[in-house]
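**Student:** Top line first, the protein sequences correspond to chains F and U.
Residues in the first sequence are numbered from 212 upward in steps of one, following my numbering.
Residues in the second sequence are numbered from 969 upward in steps of one, following my numbering.
Treat each hint with caution, since some may be false.
Straight-line distance between alpha carbons at most 35 Å, and here's what the computed DSBU-like set of lysine-lysine pairs gives [as the list claims (entries may be wrong)]:
no., chain 1, residue 1, chain 2, residue 2
1, U, Lys1034, F, Lys621
2, F, Lys572, U, Lys1034
3, F, Lys619, U, Lys1034
4, U, Lys1034, F, Lys513
5, U, Lys1020, F, Lys586
6, F, Lys329, U, Lys1034
7, F, Lys572, F, Lys513
8, F, Lys572, U, Lys1005
9, F, Lys230, U, Lys1005
10, F, Lys513, U, Lys1020
11, F, Lys475, U, Lys1020
12, U, Lys1005, F, Lys619
13, U, Lys1020, F, Lys619
14, U, Lys1034, F, Lys586
Estimated spans, in silico, between C-beta atoms of each pair [as the list claims (entries may be wrong)]:
no., chain 1, residue 1, chain 2, residue 2, range
15, U, Thr999, F, Phe317, 49 to 55 Å
16, U, Glu1009, F, Arg264, 43 to 49 Å
17, F, Ser463, U, Ala1001, 49 to 55 Å
18, U, Ala995, F, Pro213, 55 to 61 Å
19, U, Arg1013, F, Pro213, 57 to 63 Å
20, F, Glu487, U, Glu1009, 30 to 36 Å
21, U, Arg1013, F, Gly452, 17 to 23 Å
22, U, Ala1022, F, Ala493, 40 to 46 Å
Which bits of chain F does chain U cover? Going by a derived footprint, with three or more residues having C-beta under 8 Å, they are [said to hold, decoys possible]:
no., stretch
23, 268-281
24, 403-415
25, 570-584
None of these hints come from the bench; they were simulated from the model.
Every residue, glycine too, gets a C-beta built ideally from N, C-alpha and C.
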Amino acid sequence: MPEFGTETFFATIGELNAKLKARQFSAAELARAFLERLEKLGPRYNALALLLRDSAIRQAKTADEEIKRGRLRGPLQGIPFGAKDLLSVGGQPTTWGARPYATQVFDYDATALTKLSKAGAVLVGKLAMVELAGGGGYRYAAASMFGPGLNPWDTTRWSGGSSSGSGSAVAAGLVPFALGSETWGSILTPSAYCGVTGLRPTYGLVSRYGAMALSWTMDKIGPMCRSAEDCGLVLRVIAGGDSADPGSAGKSFYYGPQYVRPLKEVRVGFAPVDFEEWADPAARPDFRKALEVIRGLGVQMKETQLPELPYGAVAGLIIDTEGAAVFEPLISSGRVDELADRKQIAGLKAALEAPAKDYLKAMRIRRLIQQELRKLFVDFDVLVAPATRGPASRITEPLDRRYTDRQKPKSRGLSELGAAGNLCGLPALCLPCGLAEGLPIALQLVGRPFTENTLLEVGRQFQQRTDWHRRRPVGV
Amino acid sequence: MPMKLTRRELAAAVAGAAPLAAQAPPATPETPAEELKAAAERLRRNEEAISKFALPMATEPAFCFKV
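Using the sequences provided together with the hints, build the complete structure.
**Tutor:** This is the structure in structure tokens:
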């Protein structure tokens, strides 16, 4: 078996694919190397839910045979990856990160995983997550049956949630890429905290069949990778219509950066207050530099801000009430008390009592929000803002108290872009863009529905001019 | 049935909003009963935030989630 060094563990999909094609190593050898690393280092970050050794070796051997016969399935063939434990793998436990579901087994695979398997990618493990993807709201990073997601950059810090294991595993070089899911922040936050490139696709672009539901109208599945280009390669495979998902948009995605219009025609909106006041002071210098890099791409930059609407309250009410409806059997049975986070238990219980009129009012205001965002995107192709206000929080820090002692800026800027973007099903790309307190920080790019190629091209060009996505934690 | 809001209707709707109202968080609840009370209070605050919006009767709930 060849020696695998850190260069391999932190290689992009394109780099690994080139080495596989050049027969520098086989897919089976690569899978074994990543399995060993995931098994050894995954527990260090509470990132591993389940190692899938036997099936991974089997899939990798199939990839080797096909490559040998010249049956090439594309750039993901023979590439190992991990999946958030909210995606079902037939015959294997799918825990949703929650003790009441610790022994749950489905007899079918999630569509996204089936598609990756058909493309020849090799699933090496399922990755830890915040219990029930955080439905009900949680107070501590430890809200998971796997323990708190620990950040490979500093294990006293959180890896972010709810795709905590996906963020840690990519950042620590335990998998070349991973699947995560986002209802409100669950791909972007761990991507930002762990310094990986994450893509939240347009609602409905990737099938959610076989994924845990938290909010039927807001759940999305997307890739967390080493680069924007890798996100495009993975999205191309997992996107597509699926009659098994009622929310499916019935659209496919072809990753084609060459077809994106020249960046000098791309109109980018930003709000200075996001970078100068909302951002943590320690993060502001690198955020400013990153914004200048975006400007240097030749795009048309113009200031803007979100209209004054209650994005957070609307998103919160919708997720709370849909989540309580999803987990009504868990709540009513009393087994909800087995969850790890007390705030989350109470949040689910309380939301079950929310009146239907409040949900419907939230959904009516959601329409208004969609209308306003549509108007905003008449003038812009991309909105750019910090993905999070600063670097990862401390593991012991109550997540609901982090910024409560800080004076809020007078202007909203784009600070509620996370809630607004998720309410409107908009795609977003998380781009590592610097360090604060020695930890990664990142930008988010948000576009109109189905404009992933534009976001990915801005991201790709940003990453050609910076190396933040190439930085890796010390000692892994 | 017209579904879009005019600028005037939107202005009227958002006029009741209290943007960026900073509220000191209550103390961290110590018992499950207090936690449940706090969760109900969070829901009530969200409900209060959206109740200030006087929407035209014709505004239907969103049913498309990618616009």
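**Student:** If a hint holds in the structure, say so; if it does not, say that too.
**Tutor:** Hints versus structure:
For the hint pairing lysine 1034/U with lysine 621/F, the CA-to-CA distance comes to about 30 Å; that is within 35 Å, so the pair holds. Restraint check for lysine 572/F and lysine 1034/U: satisfied, since their Cα atoms lie roughly 19 Å apart, inside the 35 Å limit. Using a Cα cut-off of 35 Å, the hinted pair lysine 619/F and lysine 1034/U holds, with the two alpha carbons roughly 30 Å apart. The suggested pairing of lysine 1034/U with lysine 513/F holds, with an alpha-carbon distance near 24 Å, which does not exceed 35 Å.
About 23 Å separates the Cα atoms of lysine 1020/U and lysine 586/F, which keeps this hinted pair within 35 Å; it holds. With a C-alpha separation of about 28 Å, the suggested pairing of lysine 329/F with lysine 1034/U holds against the 35 Å cut-off. Note on lysine 572/F and lysine 513/F: the hinted pairing holds, with a Cα-Cα distance of about 33 Å set against a maximum of 35 Å. Between lysine 572/F and lysine 1005/U the CA atoms are separated by roughly 23 Å; this keeps the pair inside 35 Å, and the hint holds.
For the proposed pair lysine 230/F and lysine 1005/U, the alpha carbon gap of about 58 Å is over 35 Å, so the pair is violated. Using a Cα cut-off of 35 Å, the hinted pair lysine 513/F and lysine 1020/U holds, with the two alpha carbons roughly 31 Å apart. With a CA separation close to 42 Å, the supplied pair lysine 475/F and lysine 1020/U exceeds the 35 Å bound. With a CA separation close to 26 Å, the supplied pair lysine 1005/U and lysine 619/F stays within the 35 Å bound.
The straight-line distance between the Cα atoms of lysine 1020/U and lysine 619/F is roughly 21 Å, inside the 35 Å bound, and the hint therefore holds. A threshold of 35 Å between alpha carbons decides the hint, and for lysine 1034/U with lysine 586/F the separation of about 14 Å falls inside it, so the pair holds. In this structure the supplied range 49 to 55 Å is violated for threonine 999/U paired with phenylalanine 317/F, their Cβ-Cβ distance being about 37 Å. Taken as a hint, the range 43 to 49 Å holds for the pair glutamate 1009/U and arginine 264/F, whose Cβ atoms sit roughly 48 Å apart.
Between serine 463/F and alanine 1001/U, the C-beta spacing of about 51 Å keeps the proposed range 49 to 55 Å intact. As the Cβ distance of alanine 995/U to proline 213/F is approximately 58 Å, the hint placing it in 55 to 61 Å holds. At about 58 Å, the beta-carbon gap between arginine 1013/U and proline 213/F stays in the expected band of 57 to 63 Å. Between glutamate 487/F and glutamate 1009/U the beta carbons are some 33 Å apart, a value that agrees with the proposed interval 30 to 36 Å.
Roughly 39 Å separates the CB atoms of arginine 1013/U and glycine 452/F, a value that falls outside the hinted 17 to 23 Å. Checked against the hint of 40 to 46 Å, the C-beta distance between alanine 1022/U and alanine 493/F comes to roughly 42 Å, which is consistent with it. Proximity of the stretch 268-281 of chain F to chain U, defined as three or more residues with a beta carbon under 8 Å from a beta carbon of that chain, is not established by the 0 residues found. Interface restraint, the stretch 403-415 of chain F with chain U: holds (3 residues with C-beta to C-beta distance below 8 Å; minimum three).
For the stretch 570-584 of chain F, the stated coverage by chain U is satisfied: 13 residues place a CB nearer than 8 Å to a CB of that chain, which reaches the threshold of 3.
Checked against the numbered hints above, the structure breaks hints 9, 11, 15, 21, 23 and satisfies the rest.
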